[in-house]
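Trainee: From first to last, the protein sequence lines are chains Y and Z. The first sequence runs 1 to 226 under my numbering. The second sequence runs 227 to 452 under my numbering.
Note that these hints are calculated values from the structure, not bench results. Heads up, a few of these hints could be off.
[Stated by the list, open to error] No farther apart than 25 Å at their CA atoms in a straight line, the calculated lysine-lysine pairs in the BS3-like style are these:
| hint | chain 1 | residue 1 | chain 2 | residue 2 |
| --- | --- | --- | --- | --- |
| 1 | Z | K300 | Y | K157 |
| 2 | Z | K274 | Y | K172 |
| 3 | Y | K157 | Z | K398 |
| 4 | Z | K274 | Z | K291 |
| 5 | Y | K74 | Y | K9 |
| 6 | Y | K199 | Y | K48 |
| 7 | Z | K398 | Y | K65 |
| 8 | Y | K74 | Z | K398 |
There are 2 protein chains.
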Amino acid sequence: MNREEKKKKALCVMSGGMDSTLAAFMMREAGYELLAVHFNYDQRTQTKELACFEAICKELAIETKYVLDLSFFKQLGASALTDSTIDVPVGGIEEGVPVTYVPFRNGIFLSMAAAIAEKEGASVISIGVVEEDSSGYPDCRESYIASMQQSINLGTKDETQIEIAMPLVHLKKSQIVQKALELHVPLELTWSCYKNEEKACGVCDSCRLRLGGFALAKTQDPIEYE
Amino acid sequence: MNREEKKKKALCVMSGGMDSTLAAFMMREAGYELLAVHFNYDQRTQTKELACFEAICKELAIETKYVLDLSFFKQLGASALTDSTIDVPVGGIEEGVPVTYVPFRNGIFLSMAAAIAEKEGASVISIGVVEEDSSGYPDCRESYIASMQQSINLGTKDETQIEIAMPLVHLKKSQIVQKALELHVPLELTWSCYKNEEKACGVCDSCRLRLGGFALAKTQDPIEYE
Numbered sequence: 001m002n003r004e005e006k007k008k009k010a011l012c013v014m015s016g017g018m019d020s021t022l023a024a025f026m027m028r029e030a031g032y033e034l035l036a037v038h039f040n041y042d043q044r045t046q047t048k049e050l051a052c053f054e055a056i057c058k059e060l061a062i063e064t065k066y067v068l069d070l071s072f073f074k075q076l077g078a079s080a081l082t083d084s085t086i087d088v089p090v091g092g093i094e095e096g097v098p099v100t101y102v103p104f105r106n107g108i109f110l111s112m113a114a115a116i117a118e119k120e121g122a123s124v125i126s127i128g129v130v131e132e133d134s135s136g137y138p139d140c141r142e143s144y145i146a147s148m149q150q151s152i153n154l155g156t157k158d159e160t161q162i163e164i165a166m167p168l169v170h171l172k173k174s175q176i177v178q179k180a181l182e183l184h185v186p187l188e189l190t191w192s193c194y195k196n197e198e199k200a201c202g203v204c205d206s207c208r209l210r211l212g213g214f215a216l217a218k219t220q221d222p223i224e225y226e
Numbered sequence: 227m228n229r230e231e232k233k234k235k236a237l238c239v240m241s242g243g244m245d246s247t248l249a250a251f252m253m254r255e256a257g258y259e260l261l262a263v264h265f266n267y268d269q270r271t272q273t274k275e276l277a278c279f280e281a282i283c284k285e286l287a288i289e290t291k292y293v294l295d296l297s298f299f300k301q302l303g304a305s306a307l308t309d310s311t312i313d314v315p316v317g318g319i320e321e322g323v324p325v326t327y328v329p330f331r332n333g334i335f336l337s338m339a340a341a342i343a344e345k346e347g348a349s350v351i352s353i354g355v356v357e358e359d360s361s362g363y364p365d366c367r368e369s370y371i372a373s374m375q376q377s378i379n380l381g382t383k384d385e386t387q388i389e390i391a392m393p394l395v396h397l398k399k400s401q402i403v404q405k406a407l408e409l410h411v412p413l414e415l416t417w418s419c420y421k422n423e424e425k426a427c428g429v430c431d432s433c434r435l436r437l438g439g440f441a442l443a444k445t446q447d448p449i450e451y452e
């Protein structure tokens, strides 16, 4: 294979959830060689998410994987996902930024991904952000991600040119489920629950969004709920 | 003190070097209450830099300090500062991005600083970047920092509005020395050398820039050189 035929590399930021997994499958579909990065940040479901990430990487035959341990968010606190004294809300999705918001989490994830992409020569970073049909996190907005792409290109070497792909940003959860089924994404290997690691709780915002998507797509979620 | 009289908070990103120390003193001069963040990233001079940071915080009577351990850059490698198999260049400053460049380091530092600033209610983050009279790192450019400020404001809560102050960005090293003397910055507590922790080497890019600044300012650097 000569230089021209070599596949471009996409670094996929992957939590082990449905959205970032679909984004990775879409990057494979688009012809990229996949690399992956996963963050352990002492979130409640860290062990489960990591196991899902590993299983999904195996499915995608991803060889270059970064698993990064970030104690920072625990030290910072201020989120129900990383501070065990703040309960995960289970009463239904409300207006505004919820207490599960982790301050500038995607900013930190994308900055680290940019450093990896620069080192590895990846031309794309993929992230599974969803803007409208989501928990309302400010770091999942398209305007933010587009600005961050510009910042990354200004703050790295001139020859480093990175595009941040966010193929799900304007999809509804039901469209995400449909697209995942089309691409044969192993949804049974993904995890979305904020609270539990054994059986999904079904009532946190993330479970509600996921279950709502499956219901509208008229199909059964293959994972177990309590 | 009522709400109106309460000082605004500035979170100072501080390495223990001359530039970020001066930036912090300038923020104090401007009337801010100071908070500080320092990063240990397994760089060669980590122990010395941390000791300098602590001593400077004591001088500035900073109470809210974050010292963050980031194993990421060591894991990533690719820089003479974090990879002991790559020698720190000592032959003089050359054109282009040097091997001491740590991929998107300031992007990662500023992202974490943004998360802290959002939690602590700081309206300013200060960073001691210098654009022209520097090692030529892309993440020290004004255009990058300005873009990053926009990204941070788009990616955090709507009520979070953060300015990134870079008071040194267009100063020459000699002007930095002069300004530091004016503000009685304890330069004997700062460390710039990339290589050593006992006596500064005097020949790495960072020592050369610092010594050049002192020479032009016609004053003596109070730290010891080998």
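Trainee: Each of the hints needs a verdict: does it hold here or not?
Mentor: Each hint tested on the structure:
1. Z:K300 <-> Y:K157: holds, 19 Å
2. Z:K274 <-> Y:K172: violated, 51 Å
3. Y:K157 <-> Z:K398: Given pair K157 of chain Y, K398 of chain Z holds - Cα atoms ~22 Å apart, limit 25 Å.
4. Z:K274 <-> Z:K291: Within the cut-off at roughly 17 Å; holds.
5. Y:K74 <-> Y:K9: violated, 32 Å
6. Y:K199 <-> Y:K48: Roughly 10 Å between the alpha carbons, so the hint for K199 of chain Y and K48 of chain Y holds.
7. Z:K398 <-> Y:K65: Between K398 of chain Z and K65 of chain Y the Cα gap is close to 42 Å, so the pair fails against 25 Å, i.e. violated.
8. Y:K74 <-> Z:K398: Violated, because 39 Å separates the two Cα atoms, which is more than 25 Å.
Checked against the numbered hints above, the structure violates hints 2, 5, 7, 8; every other hint is satisfied.
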